[in-house]
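S.K.: Those protein sequences? They're chains A and B, same order as listed.
In this text, residue positions in the first sequence follow my numbering: the first is 1, and each later residue adds one.
In this text, residue positions in the second sequence follow my numbering: the first is 1, and each later residue adds one.
What the hints contain is simulated information worked out from the structure, not anything from laboratory work.
Owing to the predicted nature of the structure, the values given are computational and were not obtained by experimental measurement.
In this text, a Cβ means the ideal position worked out from N, Cα and C, and glycines have one as well.
As a list, the in silico DSS-like pairs of lysine-lysine whose alpha-carbon atoms are at most 30 angstroms apart:
#, chain 1, residue 1, chain 2, residue 2
1, A, 269, B, 96
2, B, 96, B, 134
3, B, 67, A, 107
What follows is a set of in silico ranges between Cβ atoms, one per label pair, in the way DEER data are often shown:
#, chain 1, residue 1, chain 2, residue 2, range
4, B, 106, A, 195, 19 to 27 angstroms
5, B, 12, A, 266, 46 to 54 angstroms
6, A, 8, B, 337, 56 to 64 angstroms
7, B, 338, A, 3, 46 to 54 angstroms
8, A, 195, B, 324, 53 to 61 angstroms
9, B, 58, A, 216, 52 to 60 angstroms
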Amino acid sequence: MLTRKQKRSNWILVVIMIAASLFFLFPVIWMLANSFKPDAAITKDMNSFAAFVPPALNGSFFDNYVKILTDTSFVRYMLNTLFYAAVLIVLGVIVNGLAGYALAKIKFPFRERWLMIIMLLMIVPMETIITIHFLFIAKLGLLNTVIGYILPMIVNPFNIFLFRQVFVSLPDDVYEAAQLDRCSPIKYFFTMVLPMSKSVVATVSVFTFLNVWNDYLWPSLVFTSGDLLTAQIGLNAITSNDNTTMGQKLAVITLITVPVIIIYSLFSKQIVEGVVSTGSKEG
Amino acid sequence: MSFIELKNVCKKYDKTDKNAVTDFNLAIEEKEFIAFVGPSGCGKSTTLRMIAGFEEISSGELFIAGKKMNEVAPMDRGISMVFQNYALYPHMTVEKNISYGLKNMKVPANEIKKKVDWAVKILGLEEYRHRKPKNLSGGQRQRVALGRAIVKNQKVFLMDEPLSNLDAKLRVSMRNEISKLHRELGSTTIYVTHDQVEAMTMADRIVIMRDGIVQQTGEPMELYEHPCNKFVAGFIGSPQMNFYNVCVERDGIAFSDGKRVKLPDTMMERLRGRQQVIMGIRGEDIKFDGQNLDVYSDTRQRAVIDNTEIMGNENNLYFEFGGISSVARVSKYEVSKIGDSVEFVMMPHKMHFFDPETEEAIG
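Here chain B stands alone, though its shape is the one from the complex (with noise of 0.2 angstroms):
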């Protein structure tokens, strides 16, 4: 048996007619770091909560190291928890808010020093122990959070979008550091976020959700790589990948606007039988330099870029294409001026294709 379990998981509320979350199934390993990850209102902090026993399960059965735990009381449940607004206590200093729990559990005063001492430490918190959280940022905010979460020696670390209210840079470094305290303290971390970036960085393993319903399960190579269906497909990755409906024809697709391109024998033989497909390339998988206009000729095209995005390090390039707004990424070399007519190609082996009924992938 798996570290974690949920074995058919729903979550219903009263006087709702749907499902918060509906049949979730995971199994999760001891130490594995986890993303729940999904756009807001599709069920990741509800699923997280019912682990943590803020929520009761409505059907299905919760098993943390073997024991099930759908009636047993959040501190029971052997979690440490770091929550989206930090939760401190205001009028506790951040000594007094690392140090509460341990005291409630009864833990000898000079163990007590010890651990806190070491927690202040590790996270950078050492001038600041004897101030409050109103005088505090949102960063060391957050770290008195997860201070607070680390000395109790929990198996199970739950994190309810813990960086979402930081700004983008100490978002960055703050997921740095959780990553880095994760791999030191050996615990399961449970993360939830409707951050992409967040979940590809830190998580061994994504379970993308939407509607209260999990679409894919995996490393986050393999969901971006191998998306299941067009939404994970949307939902991982950035710039969003472009979606085309096209129609498919002998030897290759034709887009909205009458363009086609010509595809491998072995694409087409995954759309046999089919008039109609969503295509989706992601923007690196458009190229516009000379060794690959010569490598996929069958697939150059032109348009005229109609905005850049500089970026530093890459550049997004938006044209009109296949009857829909595209985007491509390309490294900083590969300049492009608004205005200016350009030749692409998209690479055959990297085009995803979804059913236009289910949105399932196809092949």
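So that you can see chain A by itself, here it is in the shape it has in the complex (with noise of 0.2 angstroms):
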């Protein structure tokens, strides 16, 4: 039972963090109110509240949405970078999930240390190794191509290090009661182990997704074609044109943003989950 006092200090908490969360909130209000607007009409209300209200619904209330998705290539760079999450997301589930299971499970010469390896490489930033990757994959013929973008982007170390943190607190015992029902290590990771660790699998996957979809500097150095391009180098496209009003450009702003926030909502407590269990036990 709450007393009065900490029922008052309970409602200024959530006065506050309504607040905080509309401060928050602010661009993106502001994005999704004039990426409905002709540019016209988001000058006239750029000083007024009026720049966080959307204009009244009528038959050019989509008209910025109409052309981004008619004439540009803006829907084939989304499908594409939708394409590359989810061949990402079941390679990186699968790999990951192996080197990981390893880690927690297998025992081998130096685990430990390989295990301090991969941690090492959770704190060497993407950007500084970027070159050896892009020189690899030129040398290898692969520039331009989905191989040539995908290779690089399986193994993260992190992914690794979530993994193997659930992995080792799952329960020896199931394993060798899946060993007397003659199931096979390989069968045991893919039928036991991952349907054991949903919420770590989620948030991987999640991760992998946002990464790719967010992903501007990988895509750019190794695609060259307008075929293979992911929604990032097109946003960068479409908004760096002169001919694209500041409406249009909000709207594929709007466009690109709207799945993050669909994944986040969707799969906020899988993400929380997987992230909380992976602290739970030590191994």
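With the hints as a guide, bring both chains together as one complex.
M.R.: Laid out in structure tokens, this is it:
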């Protein structure tokens, strides 16, 4: 039972949190409201509260979006990115998951040192090794190919670490029971380990999706052809084009932001569970 | 050759000086129910895991059905195992948990269905077959684990403290179910427990272990009546046997508090040449009733009851005697209150004597 004082401080907390949320939401609301307006209206409303209010629903309400979706290749870029994300989620879960499983459950020489090395790799920024990736992919003749783009992005030390932390707390006796049930180690990984670790699989999948969706540097180095470009490169191409209006630019930014917000809203519980469970038990 | 044979089996873990299991020898006949019992860390689970193939045998040999199994993978040893924490597959329903092994063994679907139907029926799981383990109680989970073990028709069942996570009442009923299953299936069962009551009530033979070494192997009553050392005598039986350090005198024994008990000549013969021994006597062999007080009047003593435990069917009476807190188990009709001064006798032919140095039984 809460005391009156506790109730009052709870209310104060709620008000502060709503105010803080609105403060951070202002740019998003502004972007969303203006993405439906023609440039003249955006300029006119700029210094008033109307800048945060969408225009009245009329025949030209979606003009900016229709223009972007029909006159540019943005849909294709989005579909490309979704495809890369899907492939990288599947490969990432398998490869990083297997590595995490080995580090958690299989005894091999210098296992702890390997884990240390992988953890050290987490602090190396992508930008410092991207040149090496680029040269390597170029040497293999894989520039401007899907494989060239995907290959260096599959392995992710952070994801390996996440998987390892969750797998280490899986009970060994389930593996032993599965062994007696004639389940091979690989089958055990796919039919037992992954289903038993749904939250970390969801976490890694969401992180991978966001990485791919938001990545600009690596695809801009690998891709030169318009057919393979990702949404972020497309966004840059569209927003830096002088013929694109401000309203259209905001429409394309909205289009690229919405999936991220949807994914976060849908999987926020799993992301928190996945990250929290990685610290639950050390083996 | 026996159905399962362990010959000089040892287990030594890396970076340790001591063996976890030393020189374990045992021959188990087909359809026998064997219990490994002992305190935590005595090596009973390690031995079971060596039989299962989850732990490597450091030295010695293991034979199952005449075939040497040291290097054989667990799945090829012809065993089923029930684990302490059930080890159910949490994302699968009861039915899928039970049928998973059969599917991997490529058993035809109609036969799998028949076996699963049979298992859920005899284990009383029919209404839970589509539930996942998290929606089952501890007892139901343990029954699923049993179901998973029995459908595979293996000849050897290994059970690693399967009832230790259940409450006392459920443990008793599951004990009964496991015993019945063992008889119905005619399998050879090795059952690990730290609970001597489970071992006594279920097993054909018991192996008592301590610090990785087998202390005694035998039928439950053999261990109860004729323990080979003080550890076995103390481990088997509840309440624990009373142990007294006594001096051997010409016609009896003297307790550390100066009290004396006269013993028959045949018993004194066993103690000849010794000055100090440990005398052990079980609670139920200390008698308070008039008839026994007359028959064993040579051992008649007096003590003040300092605690009682009313068990319903019987009572435990605690009293200070021979320098230690002693316990006697009496029938529910023999009511004594705390503070009562009572007379009792110790039945001489039920006394056990142990060497104070080696703690081995004398005679």
